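Q: Sequence:
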Amino acid sequence: MRANDWTLAVDTYNIGKLFHSNWDLAVLALLRDGPRRPRDLARMAAEWPFRDRWNGTKATLSPSRITEALRVLTEEGLVYKTTLSEGWDRSVEYGLTDAGAELLPVLESMQAWLRRHAELFENADGSPRHRRAGKIRSAGRRRASK
1 MRANDWTLAV
11 DTYNIGKLFH
21 SNWDLAVLAL
31 LRDGPRRPRD
41 LARMAAEWPF
51 RDRWNGTKAT
61 LSPSRITEAL
71 RVLTEEGLVY
81 KTTLSEGWDR
91 SVEYGLTDAG
101 AELLPVLESM
111 QAWLRRHAEL
121 FENADGSPRH
131 RRAGKIRSAG
141 RRRASK
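Here UniProt numbering is used: the first residue of the sequence shown is 1, the next is one more, and so on.
Some hints could be false.
Unchecked claim - The following label-pair restraints were derived from C-beta to C-beta distances:
(1) Val10 x Pro105: 15 to 25 Å
(2) Arg90 x Gly34: 15 to 25 Å
(3) Ala46 x Ala9: 34 to 44 Å
(4) Arg116 x Asp89: 20 to 30 Å
(5) Val10 x Asp98: 43 to 53 Å
(6) Ala46 x Val92: 18 to 28 Å
(7) Arg32 x Ser91: 13 to 23 Å
(8) Glu102 x Ala9: 13 to 23 Å
(9) Leu120 x Gly77: 26 to 36 Å
(10) Ala29 x Ser64: 14 to 24 Å
(11) Ser91 x Ile15: 31 to 41 Å
(12) Arg116 x Arg90: 15 to 25 Å
(13) Gly16 x Arg116: 39 to 49 Å
(14) Asn22 x Ala101: 12 to 22 Å
In case anyone wonders, no lab produced these hints; they're calculated from the structure. Source: prediction; values computed, not measured. We treat Cβ as the ideally placed atom computed from N, Cα and C, and that holds for glycine.
Go ahead and model the full structure; you've got the sequences and the hints to work with.
A: Here it is, written out as structure tokens:
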């Protein structure tokens, strides 16, 4: 194994550790048009259909998941938080840092790859499939049968 191969593997692992859940990347993408308040992000997420490509179920980006993702992304330095007002009507908004904005072309490249290879995730009838979906379901059946 070449040294380059090893460093790519290690760096990829460390990049993955930046994101605690899939929702972190989704929230990052929602911020690409500029700073937003958490409630605005929740409204945007409610309008867009998130589908789990592994099993086809509708995935929900809830306000609590948005809050958690914003906390994680802020801690990692990819998102900044600005307090707009203080007191009983305290309001904050979140935006991308320079480092967070630099990730957008990477996310767009990943999206293009996903769309080019959509057949990897669908059966002939268009229903979702993937080897991981079967493993997850079968693991659940094994636990339930014990």
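Q: So, for every hint listed, does it hold in this structure?
A: Results for each hint:
no.: 1; hint: Val10 x Pro105: 15 to 25 Å; result: 22 Å, holds
no.: 2; hint: Arg90 x Gly34: 15 to 25 Å; result: 21 Å, holds
no.: 3; hint: Ala46 x Ala9: 34 to 44 Å; result: 38 Å, holds
no.: 4; hint: Arg116 x Asp89: 20 to 30 Å; result: 47 Å, violated
no.: 5; hint: Val10 x Asp98: 43 to 53 Å; result: 24 Å, violated
no.: 6; hint: Ala46 x Val92: 18 to 28 Å; result: 20 Å, holds
no.: 7; hint: Arg32 x Ser91: 13 to 23 Å; result: 21 Å, holds
no.: 8; hint: Glu102 x Ala9: 13 to 23 Å; result: 22 Å, holds
no.: 9; hint: Leu120 x Gly77: 26 to 36 Å; result: 33 Å, holds
no.: 10; hint: Ala29 x Ser64: 14 to 24 Å; result: 19 Å, holds
no.: 11; hint: Ser91 x Ile15: 31 to 41 Å; result: 32 Å, holds
no.: 12; hint: Arg116 x Arg90: 15 to 25 Å; result: 44 Å, violated
no.: 13; hint: Gly16 x Arg116: 39 to 49 Å; result: 22 Å, violated
no.: 14; hint: Asn22 x Ala101: 12 to 22 Å; result: 20 Å, holds
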